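Chain by chain, the residues:
2 protein chains.
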Amino acid sequence: MFERVALIGVGLIGSSISLAIRKHDLAQNIVGHTKSSESTRLALELGLADKMYPSPEEAVENADLVILCTPVGTFETIARKIGPKLKQGSILTDVGSVKRFVIDKVVGHIPDNVHFIPSHPLAGTEFSGPESGFAELFENRWCLMTPLKGTDPDKITELSNFWQTLGSKVELMDPNHHDTVLAVTSHVPHLIAYTMVGTADHLHRIRNSEVIQYSAAGFRDFTRIAASDPTMWRDVFLSNKEATLDILGRFTEELFALQRLIRTENGPELFDYFHKTRAIRQGIIEAGQDTASPDFGRSTSTISKTRGKSQEP
Amino acid sequence: MFERVALIGVGLIGSSISLAIRKHDLAQNIVGHTKSSESTRLALELGLADKMYPSPEEAVENADLVILCTPVGTFETIARKIGPKLKQGSILTDVGSVKRFVIDKVVGHIPDNVHFIPSHPLAGTEFSGPESGFAELFENRWCLMTPLKGTDPDKITELSNFWQTLGSKVELMDPNHHDTVLAVTSHVPHLIAYTMVGTADHLHRIRNSEVIQYSAAGFRDFTRIAASDPTMWRDVFLSNKEATLDILGRFTEELFALQRLIRTENGPELFDYFHKTRAIRQGIIEAGQDTASPDFGRSTSTISKTRGKSQEP
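Here the protein sequences line up with chains A and B, keeping their order.
The first sequence begins at 554 in my numbering and counts up by one.
The second sequence begins at 554 in my numbering and counts up by one.
Mixed in with the good hints, there may be bad ones.
Identical copies carry no separate label here, and so any pair may be met within one copy or between two of them.
[Unchecked claim] Calculated lysine-lysine pairs in the DSS-like style (CA-CA distance at most 25 Å, straight line):
#: 1; residue 1: Lys708; residue 2: Lys588
#: 2; residue 1: Lys829; residue 2: Lys722
#: 3; residue 1: Lys576; residue 2: Lys794
#: 4; residue 1: Lys604; residue 2: Lys829
#: 5; residue 1: Lys588; residue 2: Lys829
#: 6; residue 1: Lys829; residue 2: Lys658
#: 7; residue 1: Lys794; residue 2: Lys722
#: 8; residue 1: Lys576; residue 2: Lys708
#: 9; residue 1: Lys794; residue 2: Lys829
Keep in mind the hints are simulated off the structure, nothing from the lab.
In this text, all values refer to a predicted model and were calculated from it rather than measured experimentally.
Starting from the given sequences, assemble the full structure and let the hints guide the process.
Now the structure itself:
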């Protein structure tokens, strides 16, 4: 599909893309660049790249597809460096979790004869680094592409086919709308999880060991989210500031309303609220974005009966 | 171990206790009561009880162990009814998620010659009802017991052995301390998850189908928590009001501090905050309360490499 693919960054996403390209035989050559010498060594050792270059501008030379897989805060500097070296007619994409900011920072540095098409594969785990990648990461996950006006439709199709071959379902979206949708489905939930874990850490009346031991009762799901890569998430919040603060404001308003229902002991309204949220969960399972196994299937090896249906006791 | 066990309520916890008792052969007879005629029918059909009684007071007669497995809001009424019928020398326990409230509501109705020992197995899934139970629910999970002063130590040991045979690790705790610990590890995280799911539901700029489709990016973990039984959770918040509001106040304070870091674009402090929360996650995995598999092992069937370590990219 491509003669030469250049990966800038070989963390969880970059390394998974490499393994998926190999698995589906989508490129003759994979080259890369990462700032860290340890990650460079690992990338070569794990066969993630045929060659690693000391600078991004060297890595992108002659590449037909260049993918930015570093935190979005680094994109402007990288775009400035690689812009003049990008191959004529090549495709440049990225995997950043925000899209308006990325477009604003990158587009000015890209020559007219290069096709810059922003992407966002909605895939990840709480792990990071070159060793955390696996070829199946993108399977059955969405990849949102936010092409600029005037982009060659054939090139959009080419990149879309690439993501689909990796197993993703592709959808095109306006970049600003993308940032609002992601603020709701990802950015604010992550911020809240970080906050809850931080709140627990600051409580001196109860021991950290107690929080940890008794975490199965809900808290541990937050800790998984809050264990995600800190550099990436710092950049996400700084680069999607407005949508994050907007959704956060609505969340706080809603939380205060629920807090008031508890303070005033309004049982019927609490029940109605908790009842409604079940329907959304059911929708997610029906949309195939999660397992219906109890407890995320954590204990499928021991759970003999998983036929539970959501119903009143 | 017991001649006759009476289960009041046969939802997720009650049905799991029944199946676990059968599996480990801990009782000659299991009897029960539930208000719902549909649940009564299911309990008999699934073999959860040898006999179901139309009233709790009939169910507890001659039982050596009585376990209250209904939402905590029902306990006072049930205690008043069963108190006079409880067998002399029998053990009465419960599985409620709060303990001070339960003690306050129940203890006055229990005769002196009955051993009332509150319990709280920290186990559950997002499902409810008689069909959702499974015998392994309590395996490797904590069960917190909050015995009152003056309780016969032999009876505490007897009940502790019961939970341990079901696979639980038992710890004794002061009831007020229990309620604070659970507010942090369970009650407030649930409230926040409900709030986030509710916030998404109210946003009219983005379609519900979008929220659902793109939920894998963090939101779906919240929806699992927010899909839990609404009656149970209404009762938890009303009966652990003070600790919930206290922890919620701290959470809000913390959230505002993080919101300010975003508004003022303070990258270094955001990074430090997100970095610290990783350590807590690691502690939970080391304590054996969760899997280290990426993404909770959701896709273990397709993930070929799970050797990812938490590290910087």
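- Task: Report the numbers of all earlier hints that the structure fails to satisfy, in ascending order.
- Result: 1, 2, 3, 4, 6 and 7
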